[in-house]
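Student: Each chain, written out:
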Amino acid sequence: MTMIVRASPWVFALRLAMALVCVPVAASESPDWSTWQHLRVSDGERIQPLDSLARTMLQRASLWTSISDPGSGEPLSATALYVQMLLEWHGWDDVSPGVQHAAAGSLHLPYPDRWDRLPLWRVDAPPLRRALGLQPDQRHISPLEVSRSKVQLRDRGGDTPLLIWAAQLAARNQESLAPLERQALHLAGEFRDYLDWRGGRQLKCVPRQGRSATPEAGHEWLSLSEVVGTPWDSTNDPLGLMRSLRDRFLAARRAYLAGDLNQFDCASMDLRDLMSQAGRSCEAYPSSRMLSAEVFWNQWRPFRWAWILFLLAAAMTACGARKDWKWCRRSGWTLAVSSLLVVLVGLVLRSVVTGRVLVAGISEWGAGVASGAVLLGWTIALLDRRSWIMSVAALVAAVSLWCADSPLAALVLPRQPLTPDGIAAVSWIVHGISLSLGLSALALAWGLANAALLRWLRTDEVPIVCQGIGGDVARAIHRCLTIGVLCLVTGLVSGAIHADLTQGRFWSWQPHEIWLLLTLVSYMGILQAAATGRIAAFGLAVCNAGCFMLVLMTWFVATFLLGADGRRMNLSVASPGFVLLIMIMQLGYVSLSVYRYRRVRELASRRAPSVLIANDTSR
Amino acid sequence: MVVLNYCRVWGGRAWRFLASSRCTVFILLVLAMALVFGSWLELVQGREHAQWHVYGAGWFAALLGLLGVNQLAVWAGRMAGRRERCGGWPVGESLASAGLLLLLLGAAQAYVWGVQGTVSLPRGQEKETDVFRDPSRSVITLVHSTPRGKVSTEIVAALGPADWDAGRELDLGASHGVSVRMVKYVRHAVHYCEWVADEHSYQGPALLLRLQNARDDEVATQWLAAAPSGGEAILGPTGYQLWPLPVTTMLEDFERPPVESLGTFGVLSMHYQGRMYRVPIDGAVGTQLPVGETGVAVEVVHYYPDARPSPQGGFYSRSERPGNPLLELKVHLRDGQTMTAWAFAKRPLLTMEGVTGEVCPVRFWYHHGAVTPTPGADFAQMPDGMLYCRTTVHDYRTPVRRVQVGDTVPLGSQFNLRVLQYLPHARQDMGFRSVAVSQGAGDRNEAAALLELCYDGTCQQIWLQRGDPEYRFASVLTSQGRVMLSFDYRKLPLGYTLRACPQRGVLSDGDKPATAVSNIELVDEEGRVLRRQTLTASQPLQAGLYRLCPMTKVNPQRSDDSQVWAVTYDPGRIAKYAGCGLILIGLSIMLWRRVSLFCRLAWSAEAGEVSGEQTDRLEPSITQGRVLVPSPLGRQRARSPSRSQTP
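Chains as they are written, first to last, in our numbering: chain V, 9 to 627; chain Y, 34 to 680.
No lab work stands behind these hints, which were simulated from the structure alone. A few of these clues could be false.
[Claimed, not checked] Mimicking EDC-like on lysine to aspartate or glutamate, the simulated pairs with C-alpha atoms at most 16 angstroms apart in a straight line are: (1) V/158 with Y/554; (2) Y/379 with Y/361; (3) Y/524 with Y/161; (4) Y/379 with Y/339; (5) Y/524 with Y/163; (6) V/158 with Y/249; (7) Y/160 with Y/554; (8) V/158 with Y/250; (9) Y/363 with Y/386.
[Said to hold, decoys possible] Not close to chain V: a few residues of chain Y, all C-beta gaps over 10 angstroms, as computed: (10) 193; (11) 461; (12) 495; (13) 524; (14) 606.
Where is the CB? At the ideal position from N, CA and C, for every residue including glycine.
Take these sequences, add in the hints, and give me the full structure.
Tutor: Now the structure itself:
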């Protein structure tokens with residue numbers, strides 16, 4: 009029995025490792041999409057594998073990472089979805105330039121197929137939902153529905169087709185549009201993009217020959233539609249590369265439609281090789297190794313595994329601490345170390361393949377905060393010899409990584425990184441690291457505070473228990489707050505210096521600056537109150553749990569409402585209501601704790617007032 | 034003496050409150066509320082409102098100043114306390130206070146003497162400038178011609194982030210007998226030009242038409258206005274005409290034009306004294322045609338098949354092809370008077386009365402086979418204001434029908450025309466109106482001001498739009514001479530000439546991140562190049578007083594836009610940097626000391642190793658009916674005991 013108990017974590021770990029390593033093998037009757045995943049395409053900013061582009065597009069449209077095949081119901085990857093949409097587009101039946109040009113200007117779906125009926129776009133904005141007449145349980149809308157949608161407008165007699173209305177809105181002054189009009193325009197834009205993507209007009213896949221093709225110069229890249237629809241001859245295609253590309257693509261399509269998988273795979277590989285050959289003239293064309301690394305990152309999704317592992321680690325360390333099972337505690341620590349390694353490897357890999365720095369987007373932020381919280385949690389847990397702190401740190405890291413891995417992260421456009429150069433770059437790096445570390449510390453303090461409140465919520469013996477927890481909690485929270493405040497100040501100062509050096513403004517009362525300052529002042533107020541004895545353990549926990557909402561608010565304001573650098577989230581796709589819900593839940597939880605604490609203390613004081621007075625150090 | 038004592042007592046109290054941490058907390062609370070309010074204002078009304086009402090307002094600066102005074106008082110109090118107690122110097126607190134003071138000092142310097150502006154040059158072209166724009170101030174310039182030369186008057190004002198309420202005016206002063214007032218200000222303005230009812234009833238009619246499909250979906254909406262000679266508009270593939278008929282009998286021409294018997298030269302309809310007389314022109318050129326039995330005769334002087342105006346003042350035919358048929362007529366009235374008139378087949382209502390100065394009592398409508406109907410609709414306004422319409426569908430004219438507002442006229446091919454509005458007499462109303470601007474949309478809808486220019490008892494109102502290439506200038510001819518008005522941002526001299534050079538290859542590849550890059554040269558007054566530099570976001574240019582930083586990212590796909598640099602002058606930069614450094618150091622010391630003390634006390638309490646003075650600090654003691662509870666840092670705070678806590 010002892011052997012079984014001892015071996016069980018290792019068996020679990022082995023099974024987990026097997027689950028991680030073993031990639032589900034594709035069924036023999038389905039095409040091999042891996043060739044297409046590795047196609048190099050340009051999105052106007054950087055060259056990336058088609059897999060990344062398809063994933064980003066799908067996540068931004070629907071908040072899904074994969075989708076079910078409308079026919080068979082089998083799960084489809086983003087690449088498989090897009091390639092099937094591309095190949096099944098009826099426009100490839102006639103590739104003459106006139107037909108392609110006419111298709112580019114069309115806003116109709118004359119021959120709707122199964123992909124046109126696929127609910128693809130998430131619509132969360134209430135005004136738009138009302139205008140489109142969506143059912144309460146209908147979250148997504150299909151391209152066909154959009155093309156047939158009508159909206160009821162007050163100033164017009166009858167229903168107006170959404171696309172016609174949007175075309176009229178597009179001709180109007182964009183600044184004067186109401187929120188509903190902007191959302192409708194955005195949805196119509198998505199529909200237009202859908203048609204362009206299906207027709208291959210936005211799929212920039214080949215650098216134009218004979219010119220310096222760069223990822224930013226989108227016009228220097230030929231779209232698939234141009235490759236297929238251009239009448240190539242020996243004058244505009246002396247090497248015959250474009251003609252070969254066109255022929256290979258059409259051959260792949262024929263094989264796909266005929267269900268000849270072997271022929272399709274061969275044609276797909278030929279197409280990939282030809283594209284690579286055409287891309288050699290481009291200096292920035294990424295190597296195959298880099299491309300494979302990015303596809304591997306996409307498929308592996310290290311942040312997802314990391315948050316799952318962190319969750320397990322939190323559960324095991326908590327269980328070990330509660331039951332005093334050493335093996336459980338050790339397994340938890342091992343899992344946490346493994347998760348941290350996974351996060352760090354994923355972060356480095358992501359920085360290498362995308363060229364983004366630490367704080368470029370939500371994914372990077374989440375991973376940075378998770379790493380910081382775990383490292384800090386370890387340090388405090390080791391110093392205090394309290395393994396439950398580690399459990400809380402792992403939980404905080406799991407939440408943070410879940411945010412980094414969620415499709416919402418794809419909605420926020422990543423910030424353009426800067427060239428490392430001089431003091432400005434140093435200040436930027438310091439700003440990023442210190443803010444990440446500061447947020448990690450504050451997040452850990454928030455986790456500790458909530459854990460303490462939960463303990464207080466469950467106990468009836470206020471004085472003695474509270475004092476016991478109060479000692480640990482107060483010390484840990486106080487440490488985290490101190491580190492967090494110092495890092496926030498450093499981040500704020502280095503950010504101001506960076507802004508001064510690069511934009512000539514030291515402080516300009518931007519929303520993110522303001523809310524960061526408010527957060528800082530609030531946390532300093534908590535520290536000051538603790539230092540002067542106005543609050544103790546319970547007060548520290550309550551204030552800390554409440555103040556973390558300011559951190560959330562800072563992120564919410566800077567990202568959703570008043571985002572700078574064009575990083576504002578598209579509100580027609582995702583409603584910011586979930587952030588408000590989290591804040592309300594947190595404040596409710598804090599209020600409940602306070603009520604419970606006061607009530608228990610009152611009851612306890614009636615029973616034994618002298619004991620209360622003697623031990624009441626945990627207000 | 035009493036007053037002096039009173040002042041001393043209250044002054045001491047005020048100073049003690051000012052030097053207390055309670056005051057600091059109070060100020061910080063107010064500041065926090067102001068910031069939340071500013072953030073809300075920014076969300077609801079935009080950044081400019083928040084900047085104007087909160088961050089750039091005097092009360093906000095005063096609040097920050099009060100915080101500075103408070104910190105100074107706290108610091109002074111701390112120093113005094115140290116001398117009295119002869120205790121240790123609170124290094125951390127003092128450094129943090131001093132840092133905050135320095136930071137506020139730097140901010141105050143920047144607030145008073147700092148400058149923030151922009152300079153823009155067209156991208157991809159070699160252009161130069163020696164001034165930059167200060168977006169916080171507007172300038173209204175009045176250039177007045179006087180016998181001694183031109184006099185220029187500049188009025189600088191901060192006009193605010195919102196539209197002015199009705200009745201609010203700004204007197205900009207007078208110069209050489211010409212006074213200017215701003216009577217209206219629209220922060221985000223859009224130019225409009227629309228038709229409104231003409232209260233004097235001497236302008237032509239106007240119709241607001243909507244082209245719609247069979248499901249009543251709007252395709253296009255447009256005004257169709259007419260001068261006395263008619264008006265036309267084009268909506269997609271269809272054309273529309275509006276004819277204000279001067280006499281009632283012309284409805285016959287509009288309703289039943291001669292189609293069968295047009296011949297080669299066409300048919301002329303003559304309208305006189307409430308009756309219509311039609312005559313064929315074939316064989317009538319050079320002859321006199323009697324207008325019924327009225328005694329009036331019309332002589333067809335000349336037929337121009339493809340008429341064009343001649344430089345001598347008349348017409349000539351460019352070819353024999355009937356491209357623009359025209360008849361030159363001579364009207365012989367009963368009293369022997371003769372008048373010259375012209376009848377245009379393409380413009381039936383066009384007369385040359387405005388040129389000749391003679392009003393002919395006979396009206397003509399010249400029908401010609403070369404004038405084919407265009408797909409669309411024609412409207413005719415009767416003298417009594419009634420409106421008639423005929424449509425042309427597939428080269429066939431439909432019967433004339435009377436239309437009113439709201440009526441729908443079928444145009445064939447599943448299209449309809451709807452009359453949305455009808456103004457029997459309409460005039461064009463031009464100006465600027467306020468437009469709601471979304472967040473972060475920039476200043477594409479610039480401000481517009483309605484200026485009232487008064488001279489010699491006469492007042493004239495002129496709209497100007499700030500910085501707009503077309504509408505920022507206006508020229509008014511007065512009895513005092515020509516007055517030029519302009520409305521723009523304040524321009525400040527750079528102290529040198531900034532020359533933008535065409536872009537080199539500035540793009541980054543996939544591995545290296547992109548930055549904003551611009552090539553510029555600094556040129557002195559004598560044309561010498563002082564410096565040549567590639568400006569990047571991480572390497573701005575410091576030249577003279579100002580620092581230049583690129584504001585926009587280079588976008589090679591848009592070569593027609595401008596490169597904009599932020600121009601800043603911040604005299605408080607050193608103080609701010611020093612203040613930040615001191616704050617960081619002070620806070621680090623402060624927090625380190627607190628953490629170490631906190632941990633030491635907590636550990637001691639947990640391990641039961643408390644003894645001596647520490648034991649006294651950790652154990653709550655009750656003195657004189659008050660419970661003293663130890664804080665984590667050992668300071669004791671008095672609490673009133675509850676009823677159950679009576680010792």
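Student: Holds or violated: residue 158 of chain V and residue 554 of chain Y, Cα atoms, limit 16 angstroms.
Tutor: violated (56 angstroms)
Student: Say whether it holds or is violated: residue 606 of chain Y keeps its Cβ farther than 10 angstroms from all Cβ of chain V.
Tutor: violated (7 angstroms)
Student: Non-interface claim for residue 524 of chain Y: all C-beta distances to chain V beyond 10 angstroms?
Tutor: holds (18 angstroms)
Student: Hinted pair, alpha-carbon criterion (16 angstroms max): residue 158 of chain V, residue 249 of chain Y. Please report holds or violated.
Tutor: The hint holds at about 12 angstroms.
Student: Against chain V, does residue 495 of chain Y hold up as non-interface, every C-beta pair farther apart than 10 angstroms?
Tutor: holds (23 angstroms)
Student: Decide if the proposed pair is consistent with the structure: residue 524 of chain Y and residue 161 of chain Y, CA atoms, cutoff 16 angstroms inclusive.
Tutor: Holds. Residue 524 of chain Y to residue 161 of chain Y sits at ~15 angstroms (cutoff 16 angstroms).
Student: Once the closest CB in chain V is found, is it more than 10 angstroms from residue 193 of chain Y?
Tutor: holds (18 angstroms)
Student: Can you confirm whether the C-alpha distance between residue 379 of chain Y and residue 361 of chain Y stays at or below 16 angstroms?
Tutor: Holds. Residue 379 of chain Y to residue 361 of chain Y sits at ~14 angstroms (cutoff 16 angstroms).
Student: Within a Cα-Cα threshold of 16 angstroms, do residue 158 of chain V and residue 250 of chain Y meet the stated pairing?
Tutor: This hinted pair holds, its Cα atoms lying about 10 angstroms apart.
Student: Does residue 554 of chain Y sit within 16 angstroms of residue 160 of chain Y, going by the straight-line distance between their CA atoms?
Tutor: Distance ~10 angstroms between residue 160 of chain Y and residue 554 of chain Y Cα, so the pair holds.
Student: Given the hinted pair residue 379 of chain Y and residue 339 of chain Y, is their Cα-Cα distance within 16 angstroms?
Tutor: OK: residue 379 of chain Y and residue 339 of chain Y at ~11 angstroms, within 16 angstroms.
Student: Under the criterion that the straight-line Cα-Cα distance not exceed 16 angstroms, is the pair residue 363 of chain Y, residue 386 of chain Y satisfied?
Tutor: At roughly 13 angstroms apart (the allowed maximum being 16 angstroms), residue 386 of chain Y and residue 363 of chain Y satisfy the hint.
Hints 1 and 14, counting from the list given before, are not met by this structure.
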